[in-house]
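**Student:** Here is how the chains run, residue by residue.
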Amino acid sequence: MVGSWRIMTQLTSIPQAIIAPELSWVGLALLLPLLAAVACALCCALRVKGKAAAIITILALAASFGIIVKAYFAYTGPVQVPIFQWLSFQWGTGQFQSFTANCGMYIDTLTLYWMLFVTGLGTLISIYASEYMEGDCGAGYSRFFFGICIFLFSMSALVLGDNLIMLYLGWEGVGLASYLLIGYDYARPAAVAAGKKAFIMNRIGDLGLALGIFMLWANYGTLQYSELFAAMNKGGQTSVDWELSVIPFLLMLGAFGKSAQIPLFTWLPDAMEGPTPVSALIHAATMVTAGVYLIARMYPFFELHPEALATVAWIGGLTALLAATIGMAQYDIKRVFAYSTISQLGYMFLGLGVGTTFGACYHTLTHAFFKALLFLTAGAIMHGFAGQLDLRRLSGLRHLPGWRIVSWTMLVGCLWLSAFPYTAAFFSKDAILLKALTSVRADFRFLGWLGLFTAALTAYYTFRVWFRVCAGPLHFEPGAEGHHEPHDTHDKHDTHGKPAPALAAKSTHAFHPHAPRWAINGVLLILALGALVVGIPGYNETFAHKDNWAQQMIAGSSAMEGAGLAEDHGAEVSEAHPTVLGMDAHTGLTVVGCTASIGGILVAWYFHLRSRKSADQLRAALLRRWWIRWVPICMENKWYVDEIYHACFRLPMWLGAQILSFGDRHFLDGVMVDGLAKLPVAVGKIFKPLYGGALQGYAATMAGGIALVVAWLSWVWLRGFN
Amino acid sequence: MLLIWTSILFPIVAAFAVAIGPTKSAKWTAFAGTLVSLGALTLFAWNFPAWHNAEHFPNTTGPSWIPHAGITFSVGFDTVSLLLALLSAFLMPLCIVGSFSAITERTKEYYGWFLVLGSSIILAFAARDAILFYIGYEFTLVPMTLIIAIYGGTERRVAAIKMFLYTFLGSMFMLATLLYIGWEHRLAVGAWDFDIDTLTKTATRLPSSTQYWVFAAFMVGFAVKVPLFPLHTWLPLAHDQAPTAGSVILASAMLKLGTYGNYRFALPMAPAGGADLMSFVAVLAIIAIIYASLICWVQTDAKKLIAYSSVAHLGLCMLGLFALNPVGAEGAVFYMVNHGLSTGALFLCIGMFYERYHTKDTDVVGGLAKRMPVWASFMVLFTLASIGLPGLNGFIGEFLCLGGTFISEHDGQTGYPGVLGPWYAVVAGLGLIFAAMYLLILLGKLVWGPLREPHDDAAHTTSAIRLPQDLCFREIAILTPLAVACIWLGVQPKPMLDAIAPCAERMLANYPKEVERYMSQSAGTPLASINGKTNESRGE
Amino acid sequence: MNQELSSGFTIAANAPIAVALAISALLFVIGLVGFLCRRNMIIMFLCTELMFQGAALAMIAFARLRMDVSGQVFVIFILTVAAAEAALALALVVLLYRKRETLSAEAWSDLGES
Amino acid sequence: MVPTIFYAACAIAAAGLALLLMQSGSKFRMGATILGLAGIAWILVIVVQTIPTPTSEMGPLGLMILCAFVSVASAVRVITHHRPVFCALYFVLVVVSGAAIYVLLSAEFVAFSLVIVYAGAILITYLFVLMLAQQSPADIGSADAVDYDRIAREPAGAVIAGFVLIAVLGGSVFSVSEQKAESILDQNRAIRQGWGDLSMMPKLLLEQARRTDSTVTAVVARTDGQMIAVQTDHSAIISVQRAGQMTPSDLTLAPSLLPDNTSRVGMALVTRFPVSLELAGIILLMAMFGAVVLARKQTDIADDDRRALAGLGKVMDGNQSSQGKANR
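Chains as they are written, first to last, in numbering that gives the first Met the number 0: chain A, 0 to 721; chain B, 0 to 539; chain C, 0 to 113; chain D, 0 to 327.
To be clear, the hints were calculated from the coordinates, so they are not data collected in a lab. C-beta atoms are modelled at their ideal positions from N, C-alpha and C, and glycine is treated no differently. Some hints could be false.
Quick look at which bits of chain D chain C covers, simulated, 3 or more residues with Cβ under 8 Å [what the hints assert, rightly or not]:
1) 32-45
2) 77-84
3) 157-169
4) 201-209
5) 217-227
6) 253-265
Kindly produce the complete structure, drawing on both the sequences and the hints.
**Tutor:** What follows is the structure, encoded as structure tokens:
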């Protein structure tokens, strides 16, 4: 068993960050979204009817992206940029006698890597949303972009921040943005409930993160990345101190919450109640990868316990499989994509766990693009078909004029998601699986095979969507809602993408699906292109044998520490296990990966394009057999995780709360407090007859009182005399 | 000095003016009175010399009151009390403006008593003499009781009487302890003196067994006011029945008197007792957090929910205070101010919708984002501040309290050993999750969701002053300063943290050695702490 | 201290004075008992006069014991007060009697809570 | 003396009194009376026994005990008799026997004023009022008194309270005095006070001095600043100016020249308690006013009439007047 434990002493030092206040212009990347948020809030307050909020947002985010690009080209080495003092004070001069969490930025390659796709995708999706949300102009439009700006600000703070408290600020901030945007359509109880669920489940993870932060402070006396890494570089923390070893597990909990891993994954599918651009940006591309960022950023600290990374790997692998199985049985397109997101995040955690931060981060990048693309296409469909997302009620959209771009970009997304050979995701997923399969640890190799199996499932359910929705004979039913579709916009769209007359007859209410216009189509195309482009590092590595850009980016940061060493270590032991299925590891994996991907697609093709009936027949056949029927049932019901949580946690707590509430009112207040208060009344009642109003009663009391006093006095005096 | 007395006495002058003047101008007189008070205090704070150095109480001399009992009219501030007094003075005018439409009958009496209330709260924070503090502390009860009993809801009498008797009972313990320490001082020196510093010096010299009881008695007194777990039941009722402004002052200023009392009296005066009982109080605080949070979860009355959330929040505040290290103490003091702002604002928000719908039942009213978007925005903001979202004020205090608790066990390094530790923080941290849960449920019912309104229009018509559907300018003007304060303190806590730090250190000056003594004792006899706990619970 | 107190207890050293004191106590107690038992308001006042008598007798006895006339002076004051009290009390009784047409003290129990 | 015995005596007296109060029928009356008298007698016996009495004081003691019995018995009748008029008359008996005891205690002036003021003035007032408020004989019916005069109110409780008081007080007092029985009257002090009083009465002093020596023209202060120097044989030396002598010389006054009781009381009233005397006068005056105001015929006057009497105009609007009432 390879403990990263032992590797600790061999750590090469993380490059020490220099303090560079002159780089404070990068802070504009933080400030601009915040200013835009203020502007959007003003738009909201002034009830602006137009698209001013969208324009402000797009401009701000684009500028922010520009700044990051400039910072990328200006980058020379890790820097720390102080901005202003935030949460800091001191009570002594010692190391542990001050608490410092200033507003500042820590810029290294990992930061830039993350910020590039966060701001870039943010800009693109804002453009998309400016058209997508136009039905809400004057109602919630500005509020929507306010949420987006808050999200971008928080995400930037999360990534750029130079200490863990800044990260925590961003961490909770993105949670807030997610809450506000999921519940954007606040009149729908489901949306509100989903937002609430997301926030609360994230909070559970946040608690872990907060405790982890405390533990780090308690043991290192600082929360600044640079100082933490410096402390790590010094090494020496090799003693098995439970406090140190618990740090990675606490941080991990935060990451699991934010990135929707077992056991905190159930909020993400529900989060699809939000508008689709939100799902694309927050719940697919950026926010959910914050967990990956956290683990990558704090990677050295995950080696404080030998099993920490293994736990990450196992959780990731199992989540990938579980989510994929659920995704196979869902009919709602966005939910399928949501589960696929969870599943892909599982891959990333698997990659982190088995020691390839590069693979995980690269997969994050590719995933951001193709998953955003997929969600946006789903959004376009939802937008056009009045909220219809049931893949059984949509078919053959590629035949519909005006929907070709959507169909084909969706195909790109699906190919990428199913890791079709030589797509970007193929390279990134390979990087993860290769690491797993060539690991010295048997359980990691098992996880690798599990990941491969999951890849086949992924290919299947991805193309199940595409073959159902875009291929096959043309057929569709509109959805129930048209809530953000004022009627006049319909006619406007008709000129753009005119539906065939035959379609009108097919749809029940003479429904005209309105095809997306330039903003949506343009963004889809750019994203598809982006999905191609992010494959370039992979091509370079595989074919041109050049340096992988992504790997360089990751290697320059704290994330590489463990990964690099583990890789060395892996190379050393891969002498013993050089092969996958008897072939060279790379080749073998390519073969197996291709098989899985293409096999999955073929199965999907058979069941969902060639003979769609057979899918139902298969399901019926499974349901008939008692020994296997639990599989489809559980898959369709999401393995009853929500129900189990409800029964195990929510319900007992709720009952307990009811009991406490009742007890508080009737026991603690009623019996204890009021009872105590009634005691004097009860005593008083004994003497009440004396005070019935008759004069003698009062006189008798007086006489009795005097008698008592005299008795007491004489007793005291007698004692004094004797 | 003059400024302090101005801020204390001017409201009383204004109260007389309200009493004499015509009914129509009562509210404006009251507003002006509180504004002058706030202005004087702000001016004082502006020139306050001790913001950044540890100089002890720059202005503490005062004329003698009862010379042979050693009682003086000495007032003065350290940064903590100044912050809390500023908070109270800041909320006063807002509350008065907030009552313009809510109070339509017996307005003169209302504003008069409200001014007296403000004055006595500031007096309690400003007092440098223990008896003067007691007078301010206790006198708050009179106007508050009247405000609840006259202007409150349907069960106002019961609520007012319960509040009065309960808190009065608690403060009797406090007074007795103060007198006892004064007596000890007289035994030692030969003359009475109730100067707080003198008392502190005297009390710290008492044997630890005596300090144990001194601390316990103080705790009983202040725990009622805070309120700490088993002694909290007066609060939800009082909040539920009080008029909006009364709730605001009750939650924001009066409850702070309890925590402030711990900061100023219980902890520094009886460090040995504090060290002995810190885990006990911490356990109570944690129970308060979890218990109140769970109860919040099933509340349908918006005001009661906020009231119980106060119990939970102040439990966290107490936990931070009893972590007995600078991080926790800073957090606790910061939290006192923040809780005042955010909870006060929440009460104001709820009052505003109550004025329109005449119900606080979240099962009856809901989905108001559609009807009252401006109100909804404020409500969401303050709720988030209350949840402790980073970037807003609630976070700083909450995080530091929890952090202080967490690192309490870490001996030596911080210079402040303690007996709490990660496990305390873990359990208390559950409160953070619960806080998000119940407050978001409140938001989900009240702000989001489909619009639900009670159908009886009678409620609307009977209201003396017709209010617009969404907030009017006056109401926005009330909430905006609070919102600005919430955001500002969340973004720029540094000046305040720096100001609190020396005070926190001074409060904890005796603790490192006392806690070490306690730890060495309990290390010798493992059951000591448990015995201590059972003794204490019996004592209560 | 002890000595001082004990000198205060020489009261009973002279038998006639002791008897006078015993009578004064008995008169006082009988007056008290009468006040508590009788229902007629006038008789109740008469009983208070009885108690005055007891007190006055004690005064006289002590004056004799201490050979100090102050005790007798006090008795004169007691007489004054008794006279004033009798005037007022009887006026009140007349007033009350006019209202309710009875001398029973129980006709006037408005002071009670119930 | 053993306190328990005293308590027993008290208990017996209490039982007798209670029985008398309960009015449970005339057949018990005699027994109850005997029981009560026996209890009281026992108390007195205990008291007398406690103190060794010199034979010179036996006479006054006997008279005292006789008066005591009269006094206590009539007091008991005051509180037990059914007819208020008889109660008042019994009270006269209490006062008279009390006055006798006063005389025995050498308080002659007070004794006579007691008889005059109490038995004469106050009791007559009581009788007047009793007559005034007395029901007509027809109302009384067959029974000889109305209910509230016949039936005592919770006699047992009252008697217990009263006699616990006396038992505790007497028990403690008399049990202590047993050890101090040898104490004597402080004659010296009384003499000194008497001479002191005389020194404050210059005219009387001069008169007494002339009675001793007719040549005295004036009494002057002695060299030590005092007027009188009391000797151990109770005589007093004063400094006097004699006719025809330039320098003052001493004069010895015999104890028989001490001022008598009545003048001492008067002296004490005007020298030691002048303010109290004035206050007593004011109290009496006020009591008179009060009695006049209270006993006046009360008539209910309507608000408007009252305003009219006060010289104010009528309130026009009924609504307003009701508001005015609320304000008041």
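**Student:** Does each hint hold? Answer for all of them.
**Tutor:** To see whether the hints hold, each was checked on the structure:
1. 32-45: holds (count 3)
2. 77-84: That given contact holds, which follows from 3 residues of the stretch 77-84 of chain D lying within Cβ reach (below 8 Å) of chain C.
3. 157-169: holds (count 9)
4. 201-209: Per the Cβ count (0), the hint is violated.
5. 217-227: violated (count 0)
6. 253-265: holds (count 3)
Violated hints for the displayed structure, listed by number in ascending order: 4 and 5.
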